[in-house]
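Spelled out, the chains give:
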Amino acid sequence: MFPSLRAASYILVHAPDMVIQNGTTQVVERIVNPESEYLKALPNHLRSYEEVVAYAPNQVYIGNLKPQALRELEEPWSNQPVASASPDGPMGHIFEERLLIGLIKVCDAFDLVILEENFVGEIQPELDKLQLPEKFKTLKPGAQLSRIMTEIDERHAEPLQAGGKVVGCVKRAHDIDPNLDSHVIMENLVVKATGVLAGLELLKKSDIDPLSIPYVIECSEEAAGDMNQRGGGNFAKAIAEIMGADNATGSDTRGFCAAPMHAIVKAAALVQAGVYDKVLVLAGGATAKLGMNGKDHVKKDLPVFEDVLGGFAVLITQNDGVHPILRTDLVGSHTVGTGSSPQAVMTSLISGPVDKAGMKISDVDVYSVEMQNPDITKPAGAGDVPNANYKMIAALAVMRKEIERSQINEFVEKHGLPGWAPTQGHIPSGVPYVGHALQSFLNGEIERAMIVGKGSLFLARMTNLFDGVSLIMEKNPGVAEEAGVSKDEIRKMLSEALRDFAASLGE
Amino acid sequence: MDLENQRRVKEITDEYGADNVVVVIGGGEAEAAGLAAETVTAGDPTYAGPLAGVSLGLRVYHAVEPQFKDEVDSDIYEEQIGMMEMVLDVDAIQEEMRSIREQYSNYND
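Protein sequences, first through last, are from chains A and B.
One point on numbering: in our numbering, the residue at position 19 of the first sequence is 19, and numbering is uninterrupted.
One point on numbering: in our numbering, the residue at position 95 of the second sequence is 95, and numbering is uninterrupted.
So that you can see chain A by itself, here it is in the shape it has in the complex (with noise of 0.2 Å):
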């Protein structure tokens, strides 16, 4: 039977700190042009942790909003707070840049990180309210300020800051090897934080024993490893661990924005397979995206919007008879040779499943793509992407002949969502929208979604080729599968038939 989609969880991290200190393009500013005018300008674009929460978008992401919501209101969204706002949504949580410093220790498995000692008193209390395993909920006593200044301005640590104050530090965790030079660790160790957060957010909103996960699939953009085996791995098991998933294994799956879709299209094979009865994709987020496009935010005098990490986690089950179902016959593939014209790619990821199943484009109730907030990219020329997407599904029905040309809009409409994700890489990628599917399959308002995961591998340099997945969702028709029993049963059936007609040759 095909696999149950149980639970999905979205988490941020507002992280104005990691903007400036950590951000790409900001830490490449600092050295090709540390004088610059984009450098002393930023600060004063950095959003409050409450303007960030009262963020549509933002609300929209962890669950306190329907996407359909954004269309009412006008854009950029940033002039259109939500009054009724909070941090604490139905699918997620939005937390501070404090507790992810404070999370960041408890995930340094090697004495890497220092705190401050009184920010350790306050942060304490913060990290309770977390689900953490026992052993994983106090912290060390942190040190003084002056040893953490030291390790910056000495040592090569990176600094950890919050409300521009220096409360820690990452050390290097080599003197030579550039994949653990503090920076590195530091994007890692946040990659294992939010991880940790979007992982511990689905335990806790869907009452789910982490020792009941037997495997668990991480999918974010970034590597973990020393100079001898440079993206190693093994974020998964270093974010089960934390969870206290003690029965766990796991492993990463990387494809750039696409692997989310990878990991997902893995974890219901392994599910419906029997290799594991339930299995846990999830992902945490990026630092060096942080005021990825800011120049262009700047100059056009609107707030820095990329100043959260974003995480998520999906859980996979064998079919429960009422969570919606993983149609694993109906995936979408973009093969080496479909070619990289976005024509190309779409009829790949759309036509593909949809022919599979003898449907036409406009049998699937709602189309998740790649679901960025128009906000982050239209001022930096990259235009409303989600939009993008939907008409070129559109225009891929109407080369069909399913629609007329000028019905694209109304499909547009009918058939997709105004984005919401923030530019996290692989967080945008038809993921964001899963949670809210899960809601409108349990609440009746859809039949079929297709989840669609796109990926742009030229960037590692290693093939042009672009990249894509797909599959479709579909309302449980409501017949659970039986555990193991039944298939013990069968067998025992099966061979007590085979002696008995063994007996009756011998007859």
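Hints listed in this document are in silico derivations from the structure and should not be mistaken for laboratory results.
What you are looking at is a predicted structure, and each value in this text was computed from that prediction instead of being measured.
Careful: at least some of the hints might be erroneous.
Going by beta-carbon spacing under 7 Å, a handful of chain A positions derived as facing chain B [stated by the list, open to error]: (1) Ser341; (2) Pro342; (3) Gln343; (4) Pro379; (5) Gly381; (6) Lys391; (7) Met392.
Glycine residues also receive a C-beta, built at the ideal position from the N, C-alpha and C atoms.
Guided by the hints, dock chain B onto chain A, whose structure is given.
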């Protein structure tokens, strides 16, 4: 335009000469296409890459402009770009490209 692409455009121009180079842009937005076109004509407007302060003045067209479309096999064009032509704001892109060429390109053909 990313720094690596700027480097490639510069190298190709150095090797073959500006007369023999045509840049075809595929950007989906008029503004982004215009910035790329400006980079290979007037120079990198962000002053970040190898084309900062380097005015190559190259011939530059977008894939949805007739100068390019009329040069290629119509069946292949339809197969590869027909769908995007339906989706993109072709008029805005053409206008932006024409404007950049008029201001910065050394060629009027």
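- Mind listing which of the numbered hints don't hold for this structure, in increasing order? Violated hint: only 4; rest satisfied.
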